[in-house]
Amino acid sequence: MPSFHLRPVENGGRFFNERPDHALLGISPWNGRYKTAYIEDLVGWACSRFPRVDVMIPGYEAAHTLVAAGRPPASAVRRAKRSVNQLRNPAERALARAGVPDPVAHVHSWTRLLTNADYATRLAEVHDAYRRDPQVRGACRETARATLVRVGCALPGPEALDTAVGYPLAELPLTLDSPAIFQVPTSLFLYHREMELLRPFITGTTDALRPGSGQGYAIVEPIGADR
Amino acid sequence: MTASSPSDPRLPLRYPFPLGDNGRLPPLIRWAQRNRPVCPVAMPSGARMWMLTRRDDIAQVFADPRFSRDLDDPAVPRIAGQDITTISRGLFSLDPPDHTRVKSVVSGFFTRRAVRRYEELVAGHATALLDAMDDGLNPCDLVAAYTAPLQMRVMREVLGVPEELYEEHQRVFPSASSITAGPEETSAETEEIKAFTARVITARRDLPPRDDPMGALLRAADEGAISEQEMFGTAFVLFFTGSDAIIAPTTTGAMILILNPSQLRPVLDDPGLWPKAAEEVLRYFHNGVLGFPVVTREDVELHGVTIAAGDAVVASMQAATWDPRHVNNPEKFNVRRREDAAATFGAGPHYCLGAQLARLYLATALRLLFERHPSLRLAVAEQDVPWRNDIMFVRPVALPVSWSEEPRA
Numbered sequence: 000m001p002s003f004h005l006r007p008v009e010n011g012g013r014f015f016n017e018r019p020d021h022a023l024l025g026i027s028p029w030n031g032r033y034k035t036a037y038i039e040d041l042v043g044w045a046c047s048r049f050p051r052v053d054v055m056i057p058g059y060e061a062a063h064t065l066v067a068a069g070r071p072p073a074s075a076v077r078r079a080k081r082s083v084n085q086l087r088n089p090a091e092r093a094l095a096r097a098g099v100p101d102p103v104a105h106v107h108s109w110t111r112l113l114t115n116a117d118y119a120t121r122l123a124e125v126h127d128a129y130r131r132d133p134q135v136r137g138a139c140r141e142t143a144r145a146t147l148v149r150v151g152c153a154l155p156g157p158e159a160l161d162t163a164v165g166y167p168l169a170e171l172p173l174t175l176d177s178p179a180i181f182q183v184p185t186s187l188f189l190y191h192r193e194m195e196l197l198r199p200f201i202t203g204t205t206d207a208l209r210p211g212s213g214q215g216y217a218i219v220e221p222i223g224a225d226r
Numbered sequence: 000m001t002a003s004s005p006s007d008p009r010l011p012l013r014y015p016f017p018l019g020d021n022g023r024l025p026p027l028i029r030w031a032q033r034n035r036p037v038c039p040v041a042m043p044s045g046a047r048m049w050m051l052t053r054r055d056d057i058a059q060v061f062a063d064p065r066f067s068r069d070l071d072d073p074a075v076p077r078i079a080g081q082d083i084t085t086i087s088r089g090l091f092s093l094d095p096p097d098h099t100r101v102k103s104v105v106s107g108f109f110t111r112r113a114v115r116r117y118e119e120l121v122a123g124h125a126t127a128l129l130d131a132m133d134d135g136l137n138p139c140d141l142v143a144a145y146t147a148p149l150q151m152r153v154m155r156e157v158l159g160v161p162e163e164l165y166e167e168h169q170r171v172f173p174s175a176s177s178i179t180a181g182p183e184e185t186s187a188e189t190e191e192i193k194a195f196t197a198r199v200i201t202a203r204r205d206l207p208p209r210d211d212p213m214g215a216l217l218r219a220a221d222e223g224a225i226s227e228q229e230m231f232g233t234a235f236v237l238f239f240t241g242s243d244a245i246i247a248p249t250t251t252g253a254m255i256l257i258l259n260p261s262q263l264r265p266v267l268d269d270p271g272l273w274p275k276a277a278e279e280v281l282r283y284f285h286n287g288v289l290g291f292p293v294v295t296r297e298d299v300e301l302h303g304v305t306i307a308a309g310d311a312v313v314a315s316m317q318a319a320t321w322d323p324r325h326v327n328n329p330e331k332f333n334v335r336r337r338e339d340a341a342a343t344f345g346a347g348p349h350y351c352l353g354a355q356l357a358r359l360y361l362a363t364a365l366r367l368l369f370e371r372h373p374s375l376r377l378a379v380a381e382q383d384v385p386w387r388n389d390i391m392f393v394r395p396v397a398l399p400v401s402w403s404e405e406p407r408a
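Protein chains in written order, with numbering that gives the first Met the number 0: chain A, 0 to 226; chain B, 0 to 408.
Treat the hints with care, as some may be off.
Said to hold, decoys possible - Just a few of them, taken from the derived set where beta-carbon distance is under 8 Å, the chain A residues facing chain B:
id, residue
1, G58
2, P72
3, V76
4, S108
5, S212
What the hints contain is simulated information worked out from the structure, not anything from laboratory work. Note that the Cβ used here is the ideal one computed from N, Cα and C, for glycine as well.
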């Protein structure tokens, strides 16, 4: 089985936990890395490495990114649904292969998570922080901008960022408090690279958002990959 | 949150039940309807109740004077701790003849003829919200953009909430606390609605009298026709049932019509069918999986089960509107069906006061939505619609939708 290794995020040593109770894998659409085989390998490895694994996929806000990049809404929704399914299906397959009971219940779109009281509470907090905290606002808009660039919008203007920012806003609660959301003592959020979105609260430059107790972060890379 | 058909569930069933796909009848209720017409259920509060799922049984029991809605006694079994059934002497918790006397104070505002006065109100707010939706993000969450704010704007006018309390009204409702959240949260929510109701009553007493349900309750209390407690309890009930219970069918109605374009098309072609479509939405879904309990005053036997004095009985009104003894192919959403949704509104003296308003509101809200956006579609896969089954009025908490941006007429 292909293997991966973990390292702390920049300036995030205190959030690095090699033996968490739970791992949350972030997987993204419109990113060359997250092809079917890679997702299956990553999820399969995570299931062998951590006691419990959940996978996060985008909610309907993914379509806002495409609308902001100029697609008509109906077409943006169709493409976003297709892209999300291309993440969901291999993740569910890999969970099933690893023997996880009810694999469907371990792949979470942000939209489905609106039924989770802790997610909904954190989402309200995130929206509030976005309105009043320049650091959080900046990180969310930078994340939206980078996503827009990935889908081919080279120089997104403020209006495009307003449209696309719902994506990082919906993602942020899961990176802030996955222990509460998944009801585990400790949880490690895994992504393949540094995330601008996390910077304000990892570096402590904002008081508006604080990670929940037991929240950890790590970068996950295939062994042998260039840093 | 959904489940396939259970084969042999352990009894008592544990509430809340997993919902059927897209809000269809929960498989456990379907099982009980076939196999255990008087079925023991364990509630989140720990209380045991008997669940009825056949339409004839529900109609019989809820009209039977041996079953009482007087739930004042603290020892009465409850679904979720100190929930709204603890409100003394409101419409929910009175038996005839007191119930008849109190209901008559407000029932004149909710007849089929009387509710017509609200059609323009619903249409005006619906149009304004649809205009705002057109100017906002596409896709959007229909609950946040339309179904929840429409209820808020309409009901604050129907019930005469003074303007200075609009913000508080919006903070208190919809009351989305989980029925499994535990006694403290349930009790806190009940207290919050009580405090809001009290503030509305105080504010309304300082304002000139109005010809609306709140005005009628205040006048009846002043004249001694009802007690202060009955006035307060009934005002509380009007706010509570005028909130989530209206958001739910507008949301599920939009969803089921989106998912059944072959049913939507004839309604768009013949707007005279909107009342039928609204009726079918009300039949197909129900606001709550289980309604509030009644308590037996004496031992009653039903289908060979002894319901002992003091036992609580709950009913699934969705089971009543899906009862195959009365409804052909209940799982098929059919806007042209002959059977109506009356059973969804209950039976006996506690038949829903707002049934006619719900029908008019729903037909108007759905008509205007789909006339504006006949191309409305879900913006997520069906399985990603976030249904909550642990709230009093089950529904999707969000309904992401998108539409083709036709030029506005």
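Quick rundown of the hints versus the structure:
no. : hint : result
1   : G58  : 7 Å, holds
2   : P72  : 4 Å, holds
3   : V76  : 5 Å, holds
4   : S108 : 5 Å, holds
5   : S212 : 21 Å, violated
The structure shown violates just one earlier hint, number 5.
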